[in-house]
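Protein chains: 2
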Amino acid sequence: MTLYLYGGPKTRASMPKWYAAEKGISYNYVNVDLAARQNLAPSYLEVNPFGKLPALKDDSNGLMLFESGAILQYLSENYTNEVKDPATRASISQWILFANSTLAIALFVPSNKEREFPRLMATLNDLYSKKKFLVGDCWTAADCAVNAYLGYLPIFYPNEDLSAYPEIQSLNQRTRSNQNYRQIMGL
Amino acid sequence: MTLYLYGGPKTRASMPKWYAAEKGISYNYVNVDLAARQNLAPSYLEVNPFGKLPALKDDSNGLMLFESGAILQYLSENYTNEVKDPATRASISQWILFANSTLAIALFVPSNKEREFPRLMATLNDLYSKKKFLVGDCWTAADCAVNAYLGYLPIFYPNEDLSAYPEIQSLNQRTRSNQNYRQIMGL
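Residue numbers (our numbering), protein chains in the order written: chain W, 269 to 455; chain H, 269 to 455.
Please keep in mind that the hints were generated in silico from the structure rather than gathered at the bench. Just so we're clear, the structure is a prediction, and the values are computed from it rather than from any experiment.
Remember, identical chains collapse to one label, so a pair may be satisfied in a single copy or spanning two.
Derived pair list, reagent style SDA-like, types lysine to any residue, alpha-carbon separation capped at 20 Å:
| # | residue 1 | residue 2 |
| --- | --- | --- |
| 1 | LYS278 | ILE373 |
| 2 | LYS400 | ASN446 |
| 3 | LYS398 | PRO317 |
| 4 | LYS399 | PHE318 |
| 5 | LYS381 | THR279 |
| 6 | LYS399 | VAL315 |
Make the full structure from the sequences, and use the hints.
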């Protein structure tokens with residue numbers, strides 16, 4: 269049984285890499301050179317027809333999977349014991365979609381940022397003030413996805429004032445001092 | 269066992285509504301009036317702390333769920349027989365994330381539309397020329413999510429020339445002539 273994770277520097281491969289490191293999931297890493305257009309080579313288009321990174325191949329069942337969030341969810345469900353019932357699985361999927369869709373669009377769609385961003389931050393800050401983890405009582409793929417997105421804030425918006433959201437600030441501090449995260453992000 | 273779907277006109281509730289109609293899943297529909305700010309009432313914030321629509325409540329296990337994609341996935345996994353193994357589940361999750369994240373961002377982030385949109389459309393057109401359905405041999409939550417997003421194209425971009433993507437055009441025709449879709453979208 270072997271997992272292959274296809275990624276490259278500055279791609280969203282960092283999210284499943286961080287998750288796998290935290291959960292002790294081993295895999296073979298395949299570096300796909302975007303500059304050399306290796307992502308458009310026929311052999312890679314068989315793994316992901318869109319030629320985007322990351323992707324995952326699981327030799328145990330022949331699965332080839334793209335979308336960083338789907339990879340995270342697959343690892344969570346099949347290579348950890350954090351999913352115990354359909355409700356937990358659904359809640360983890362909810363937060364992964366929240367991160368990769370709602371939060372991503374709020375951060376990167378200019379017309380949305382002003383309106384959506386403060387509302388999302390205020391609610392997230394409130395939730396994290398009551399509970400250390402988003403689903404259950406341990407760090408799951410839900411936290412990985414949301415923490416990784418929030419971790420982009422100081423990178424993409426270094427001048428953004430987050431002082432109204434102290435829980436997010438301290439969460440970002442924990443993320444950025446995490447050894448696996450630092451290594452994967454090259455910090 | 270009762271499902272409650274919270275939605276409103278012109279929200280992404282249309283996606284799970286369409287899916288439930290196609291699959292014969294029954295639920296109680298709760299209309300949340302955004303103009304009257306019912307979505308910010310404490311009773312609704314208990315269902316979705318972000319006050320966004322849609323959301324789902326499942327009385328059988330107490331689950332409260334937001335994110336249209338997570339709702340779709342939950343219905344697919346628990347109220348239909350389309351998910352038969354972890355690989356199918358992962359592939360459906362991949363396409364839901366593709367629709368709600370990659371495709372949404374390509375459509376609605378102006379800087380991405382020019383670069384990403386033609387690439388995604390060309391690949392989708394190619395995939396649909398080879399296979400009628402995205403996962404397995406029947407219409408699943410994967411098709412629902414992708415078809416619903418592609419169905420936005422003539423609405424948000426009525427002048428977009430899609431003639432280079434005949435499979436997408438005929439797919440959109442099928443979507444827009446689907447009786448359940450027409451009723452839910454008010455066409």
